[in-house]
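Residue numbers (the numbering used here), protein chains in the order written: chain A, 10 to 384; chain B, 10 to 384; chain C, 10 to 384; chain D, 10 to 384.
Rather than coming from a laboratory, the hints here were simulated on the basis of the structure.
Glycine residues also receive a C-beta, built at the ideal position from the N, C-alpha and C atoms.
Don't take each hint at face value.
[Said to hold, decoys possible] Cβ-Cβ distance ranges computed for the label pairs, FRET-style:
#1 Thr314(B) with Ala28(D): 52 to 60 Å
#2 Lys53(D) with Pro123(A): 51 to 59 Å
#3 Ala344(D) with Glu223(A): 53 to 61 Å
#4 Arg198(B) with Leu187(C): 26 to 34 Å
#5 Pro196(C) with Lys134(D): 55 to 63 Å
#6 Lys53(D) with Asn378(C): 46 to 54 Å
#7 Pro123(B) with Glu180(A): 31 to 39 Å
#8 Lys349(D) with Pro196(C): 53 to 61 Å
#9 Ala80(D) with Arg78(A): 56 to 64 Å
[Unchecked claim] Here are the simulated DSSO-like pairs of lysine-lysine, each with C-alpha atoms no more than 27 Å apart in a straight line:
#10 Lys303(B) with Lys165(D)
#11 Lys165(B) with Lys303(D)
#12 Lys303(A) with Lys303(D)
#13 Lys126(C) with Lys165(A)
#14 Lys303(A) with Lys134(B)
#15 Lys349(B) with Lys107(B)
[What the hints assert, rightly or not] Here are a few chain D residues that face chain B, going by a calculated C-beta distance under 8 Å:
#16 Glu299
#17 Lys301
#18 Leu304
#19 Gly307
#20 Gly348
#21 Pro351
Number of protein chains: 4
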Amino acid sequence: MSRIRLGMVGGGAGAFIGAVHRIAARLDDRYELVAGAFSSTADKSKASGAELGIDEKRCYGDFTEMAKREARLKDGIEAVAIVTPNHVHYPAAREFLKRGIHVICDKPLTSTLPDAKKLVKVAGKSDALFVLTHNYTGYPMVRQARDMVASGALGKIRVVQVEYPQDWLTEAAETEGLKQAEWRTDPERSGAGGCVGDIGTHAYNLAGFVTGLEAESLAADLHTFVEGRRLDDNVHVLLRYAGGARGMLWSSQVAPGNENALRLRVYGETGGLEWAQEDPNYLWHTPFGEPKCKLTRGGAGFTETTGSRIPPGHPEGYLEGFANLYDQAADLIVAHRDGKTPAHLLPTVEDGLKGVQFIDACVRSSRRNAAWVDL
Amino acid sequence: MSRIRLGMVGGGAGAFIGAVHRIAARLDDRYELVAGAFSSTADKSKASGAELGIDEKRCYGDFTEMAKREARLKDGIEAVAIVTPNHVHYPAAREFLKRGIHVICDKPLTSTLPDAKKLVKVAGKSDALFVLTHNYTGYPMVRQARDMVASGALGKIRVVQVEYPQDWLTEAAETEGLKQAEWRTDPERSGAGGCVGDIGTHAYNLAGFVTGLEAESLAADLHTFVEGRRLDDNVHVLLRYAGGARGMLWSSQVAPGNENALRLRVYGETGGLEWAQEDPNYLWHTPFGEPKCKLTRGGAGFTETTGSRIPPGHPEGYLEGFANLYDQAADLIVAHRDGKTPAHLLPTVEDGLKGVQFIDACVRSSRRNAAWVDL
Amino acid sequence: MSRIRLGMVGGGAGAFIGAVHRIAARLDDRYELVAGAFSSTADKSKASGAELGIDEKRCYGDFTEMAKREARLKDGIEAVAIVTPNHVHYPAAREFLKRGIHVICDKPLTSTLPDAKKLVKVAGKSDALFVLTHNYTGYPMVRQARDMVASGALGKIRVVQVEYPQDWLTEAAETEGLKQAEWRTDPERSGAGGCVGDIGTHAYNLAGFVTGLEAESLAADLHTFVEGRRLDDNVHVLLRYAGGARGMLWSSQVAPGNENALRLRVYGETGGLEWAQEDPNYLWHTPFGEPKCKLTRGGAGFTETTGSRIPPGHPEGYLEGFANLYDQAADLIVAHRDGKTPAHLLPTVEDGLKGVQFIDACVRSSRRNAAWVDL
Amino acid sequence: MSRIRLGMVGGGAGAFIGAVHRIAARLDDRYELVAGAFSSTADKSKASGAELGIDEKRCYGDFTEMAKREARLKDGIEAVAIVTPNHVHYPAAREFLKRGIHVICDKPLTSTLPDAKKLVKVAGKSDALFVLTHNYTGYPMVRQARDMVASGALGKIRVVQVEYPQDWLTEAAETEGLKQAEWRTDPERSGAGGCVGDIGTHAYNLAGFVTGLEAESLAADLHTFVEGRRLDDNVHVLLRYAGGARGMLWSSQVAPGNENALRLRVYGETGGLEWAQEDPNYLWHTPFGEPKCKLTRGGAGFTETTGSRIPPGHPEGYLEGFANLYDQAADLIVAHRDGKTPAHLLPTVEDGLKGVQFIDACVRSSRRNAAWVDL
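Let's have the full structure, built from the sequences with the hints guiding it.
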């Protein structure tokens with residue numbers, strides 16, 4: 010067993026998602042964090058690196074420098090986690106991909122549609138792997154749901170209801186020094202979508218992951234409720250999927266009483282499924298004409314074989330779901346050493362492009378009074 | 010105490026909603042059912058009446074005959090419950106209203122918009138009262154929610170999420186001899202809206218009742234999933250309310266695992282509320298920045314003073330909520346004897362018109378590819 | 010259809026359970042309340058009767074007078090509901106039973122064990138029916154649970170966990186003018202058991218009703234937490250059933266956050282069942298080795314055919330469950346007119362005796378430091 | 010930052026709890042696993058160690074040899090995790106403690122009461138730390154509950170209801186080759202308590218941890234339902250606490266529909282708390298006379314400052330709670346290097362003794378027909 014040498018771009022002191030990636034990478038003991046451009050200056054980066062026990066020489070102030078040097082080192086990083094604000098995803102990913110270093114990148118893929126398309130190309134030319142951390146797809150019961158839909162347990166899908174409400178931006182937190190709120194409501198760093206880019210994409214991705222359906226068109230009513238906010242904070246979308254299914258997506262950052270209430274409901278000709286992120290170890294299944302059943306992670310009826318570490322009734326959470334992506338990315342990286350490319354369920358750069366296309370379509374539709382637009 | 014003499018149009022053997030109205034009228038002992046045109050022939054009507062202990066002479070085969078004769082009787086009915094399929098509401102209500110007999114009518118108001126407008130006029134000219142049984146507004150926790158919104162507990166309302174999914178029409182039940190399914194999917198008897206008229210109106214009415222908001226425009230994507238069905242069975246609507254709130258409404262009859270899952274969530278600048286019809290004794294309130302609280306009917310924090318008969322923790326249900334409308338209608342009828350018209354919360358003929366306008370707007374929007382239309 | 014002529018003892022102005030009995034009797038329209046000894050003086054009784062629309066001549070100040078006179082009237086009452094404090098149950102029931110008037114009596118059967126035994130004898134000698142309103146047995150999902158156990162769905166029963174916590178006596182409400190609290194904490198009127206008699210008996214009865222098991226012995230730790238209170242307010246009981254099952258019963262009136270949280274869980278060799286009174290339309294069933302399923306009143310898998318008036322998803326509550334007892338008592342009374350005695354599930358005078366024996370055993374055990382005592 | 014060098018006794022291939030300890034130790038990156046006696050032979054131990062990336066030289070077949078050699082190594086382990094069946098806890102812990110190596114030991118403390126007492130003495134004489142992994146105390150909402158009780162939010166505690174039902178031993182799994190089931194039902198390896206030792210102790214410890222109360226006496230009805238099983242599989246206990254609180258404890262391994270349904274409810278003079286392990290991110294609080302509130306990990310009203318890694322609404326689970334113990338043990342170990350002994354909430358060897366005394370008392374009581382015995 011030798012652990013994969015991992016670097017990180019972003020994730021300096023005080024950042025939320027960087028710490029999450031580090032725990033996720035560590036949970037199954039398959040990575041070793043050895044380098045990073047944790048902040049935008051070398052000093053800050055070294056300070057963050059020191060707290061993490063990273064050799065000072067491998068703490069960089071600049072992702073390009075990091076990519077160049079690490080690519081030349083004998084024991085340089087094999088993979089890098091990119092956990093910056095959205096607008097840095099593309100330029101950073103590009104530097105590593107073109108040097109053959111695998112990229113594990115936070116979502117959304119990029120802050121603009123052109124960047125996303127360029128990144129698809131760069132990734133296509135690279136031998137290195139690209140994994141997008143739409144982490145909710147790593148929850149075992151989400152995988153279970155996907156398996157059940159794919160196996161026909163619901164029959165042909167008719168209706169998809171997905172939502173992701175939060176309440177943390179109910180007031181103008183971005184004017185009160187909350188760093189998370191600042192960049193997530195800043196079009197320069199987040200892109201043209203606010204709530205829709207931050208969490209609407211998660212909802213959209215989750216619905217597609219579980220159902221296997223592709224949206225063809227949508228009508229989106231984006232709205233900003235908090236005065237002075239520069240991006241949308243509430244998102245209402247109607248969806249039409251290829252094959253005839255209809256969907257509804259709601260995401261909001263101004264819905265008091267909702268923390269991270271991502272919830273998916275899927276209804277087909279012969280059954281329904283319901284899953285909620287805040288209680289992720291359960292999946293509710295109703296075969297039409299039978300009682301509703303509660304499937305549990307690892308419990309009776311659970312057929313998904315990956316990503317469940319402990320027995321049923323002992324809950325796994327967000328970090329374990331996230332870690333499943335890292336664990337499976339490690340499988341790919343190890344296989345890649347041997348020139349193999351096994352099948353997998355990890356979100357790809359193409360999935361990332363779809364997410365950015367979704368954001369773009371929502372913004373376009375909303376600007377045209379929520380008219381229907383194609384994806 | 011003298012009980013109000015009540016008649017009924019519709020509600021013969023095997024009908025669902027007629028029996029509900031009778032129990033609701035009886036629960037608080039303020040009505041006595043003494044006459045009816047229970048079915049479309051005199052014989053059937055008498056058979057139904059006999060089971061109900063109604064004097065044969067007051068069992069009619071025709072609502073016009075009933076209205077005429079009862080209006081002339083010294084102890085004729087003071088009020089009539091109309092519980093027929095939708096297309097009969099208008100002609101029946103007209104006959105009673107013009108003779109000064111109070112009308113308690115099931116929803117939707119009528120099967121067509123012109124009928125609804127005519128009924129508003131007829132009711133306006135009549136001295137008699139008109140009550141529409143949007144029964145979900147009778148639940149004590151719905152009243153509590155309305156009071157809280159009105160008192161400013163949520164601040165200005167921003168987002169309204171309302172839904173009413175069912176699953177009983179997942180398959181083509183209307184072709185298998187189910188009477189309920191037959192008329193509810195028949196445009197001749199139900200009007201141009203199927204699911205949207207049957208339960209979408211309930212959801213729409215509930216959202217308006219609780220928030221006090223008026224919708225200005227909507228975009229509706231109605232769809233029929235079951236082959237051969239003549240009316241919509243799934244309804245997706247975006248709403249824009251006067252004052253700037255945005256809403257989403259979903260109703261469906263093809264969502265396996267949902268029985269009568271009417272659910273309302275309202276979010277304002279300072280708080281959120283959640284209520285679900287299947288667990289109607291609870292109301293969840295989150296003041297922004299505080300924990301979510303569970304208000305119970307009759308429990309701590311419950312300020313609504315009407316319509317709760319038994320202590321908290323002993324659940325009341327659908328019939329009690331329905332009975333609250335009858336009980337309060339009885340208050341109005343008794344006051345009317347004295348020439349008084351007290352304030353009340355009962356759904357009016359104007360609310361009924363709004364419901365039919367909602368159905369009409371949804372159908373219009375949907376025919377234009379879910380374009381925005383005004384209400 | 011002719012309605013059964015019903016009288017009432019107790020249930021004057023301000024009483025809780027009297028009003029419940031009246032609604033329950035009225036719900037299915039099979040009774041007519043025509044007489045009563047509503048209070049302990051004729052004047053108060055007439056005042057209460059007047060509010061209920063009862064002929065003044067049939068409002069009595071004394072149950073003996075009422076029994077005597079009604080027995081002689083041509084259209085005298087056929088049945089009487091006894092809804093007084095516990096110590097009046099026996100003397101009142103006796104007067105009616107010995108005159109052939111059916112008795113529907115609130116629980117517990119009596120305030121003392123000798124009274125209970127005498128009442129069993131009196132009832133045995135009478136031709137009239139005796140029904141005890143252990144109303145929770147009237148809930149359709151409780152009946153469903155009983156059917157499932159009886160049909161072997163759980164295999165041989167091993168463990169019974171039943172509880173009934175409340176919080177309304179957390180403070181000394183009996184010293185603050187709350188009439189309900191006064192008599193329920195008064196040994197003269199309630200008997201030797203406080204919480205154990207008021208709600209512990211409900212829990213005990215429910216467990217026996219669903220499982221069909223007879224308790225053989227118990228160890229009870231009764232305790233009074235509120236200073237100055239004269240009866241127990243918290244009850245902990247271990248149970249051993251004939252056949253080897255073991256049980257645990259908790260009832261409390263000092264458990265903040267519990268309204269009427271009666272809950273039963275039954276586990277057998279091949280499955281488990283869970284039911285909660287505050288959400289009474291659901292029954293959770295787990296066949297061992299399969300997922301947990303949610304059965305709903307009237308929904309898929311519901312096999313109980315009585316006592317469900319409206320479709321699944323439209324909740325019925327406490328009053329409907331209570332009314333089921335009245336409805337089925339009406340069946341018995343009607344059959345009795347014809348000399349028939351059909352099978353039924355209504356709680357009998359013998360069930361009432363068991364309840365009083367349970368109270369007595371708990372008090373005996375508790376006085377001996379919670380030693381095991383036989384039932 | 011230098012990581013603590015950790016060894017492990019037990020936890021070879023196929024063991025459940027060893028893997029849990031390893032993840033818990035790794036989660037916050039404060040330990041490095043460098044040695045182990047993973048199995049009872051050197052060969053098996055080396056095989057397990059190889060899978061874990063441990064130097065072959067530091068894989069031992071014997072905990073005594075390991076303790077001796079590691080104590081002499083310059084970079085020998087500073088701490089050892091003992092994750093064997095119960096009967097090995099004492100002899101293994103002794104060898105490390107007497108050589109000054111900190112011990113992190115799984116529960117229950119030992120398989121016999123004499124061993125437990127000896128271990129307390131050994132730990133008392135050692136300079137090294139001893140931490141018992143009653144891991145449920147590591148959940149943030151359990152800590153929150155403890156803080157609230159300690160701060161007087163519930164007033165004086167009256168009633169404690171704790172339970173831990175499972176269903177995995179509903180059938181005789183120990184005869185079907187399930188290793189977990191074998192040793193946990195074997196008195197040689199588990200001690201005199203089966204279910205009571207395995208999970209009853211968790212429930213007992215949790216109640217004491219949250220309330221701060223000490224049980225003085227108990228009456229226990231242990232029972233074995235599965236034929237041929239050598240230890241109890243269902244546990245019913247009445248508890249009396251110093252100061253007058255009363256409690257009830259149920260644990261079971263034969264309750265179908267329960268996975269790891271540990272649940273604690275505490276009621277005091279002014280409020281109640283409820284917590285359930287399967288949904289560990291919530292804590293329900295009812296101040297008497299106010300609505301029930303849902304506190305969430307990291308959400309509004311959450312005052313516990315340790316052990317919450319990610320924002321509210323992103324669930325943490327069993328592994329994170331377990332990791333909190335390791336993280337805080339690391340704090341102690343680091344402080345110990347400097348000769349400091351900070352205050353902490355970690356379960357101690359004395360807590361472990363209490364757990365074994367609880368098991369012993371339950372067995373004693375049960376053998377005397379569930380008579381009351383002192384603790």
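Quick rundown of the hints versus the structure:
1. Thr314(B) with Ala28(D): 52 to 60 Å: With Cβ atoms ~58 Å apart, the hint holds.
2. Lys53(D) with Pro123(A): 51 to 59 Å: Taking Cβ atoms as reference, Lys53(D) and Pro123(A) lie about 58 Å apart, which means the hint holds.
3. Ala344(D) with Glu223(A): 53 to 61 Å: 57 Å Cβ-Cβ, so the 53 to 61 Å window holds.
4. Arg198(B) with Leu187(C): 26 to 34 Å: violated, 53 Å
5. Pro196(C) with Lys134(D): 55 to 63 Å: Because 58 Å falls inside the window, the suggested range holds.
6. Lys53(D) with Asn378(C): 46 to 54 Å: Because 52 Å falls inside the window, the suggested range holds.
7. Pro123(B) with Glu180(A): 31 to 39 Å: violated, 47 Å
8. Lys349(D) with Pro196(C): 53 to 61 Å: Distance hint for Lys349(D), Pro196(C) holds at roughly 59 Å.
9. Ala80(D) with Arg78(A): 56 to 64 Å: Distance hint for Ala80(D), Arg78(A) is violated at roughly 42 Å.
10. Lys303(B) with Lys165(D): Given pair Lys303(B), Lys165(D) holds - Cα atoms ~24 Å apart, limit 27 Å.
11. Lys165(B) with Lys303(D): OK: Lys165(B) and Lys303(D) at ~24 Å, within 27 Å.
12. Lys303(A) with Lys303(D): OK: Lys303(A) and Lys303(D) at ~23 Å, within 27 Å.
13. Lys126(C) with Lys165(A): Judged against 27 Å, a Cα distance of about 64 Å means the pair is violated.
14. Lys303(A) with Lys134(B): violated, 56 Å
15. Lys349(B) with Lys107(B): With Cα atoms ~20 Å apart, Lys349(B) and Lys107(B) stay inside 27 Å; holds.
16. Glu299: holds, 5 Å
17. Lys301: holds, 5 Å
18. Leu304: Since chain B brings a Cβ to about 5 Å from Leu304(D), closer than 8 Å, the hint holds.
19. Gly307: At about 12 Å, which exceeds the 8 Å cut-off, the nearest Cβ of chain B leaves the hint on Gly307(D) violated.
20. Gly348: Hint violated; Gly348(D) Cβ to chain B Cβ min 42 Å, cut 8 Å.
21. Pro351: violated, 31 Å
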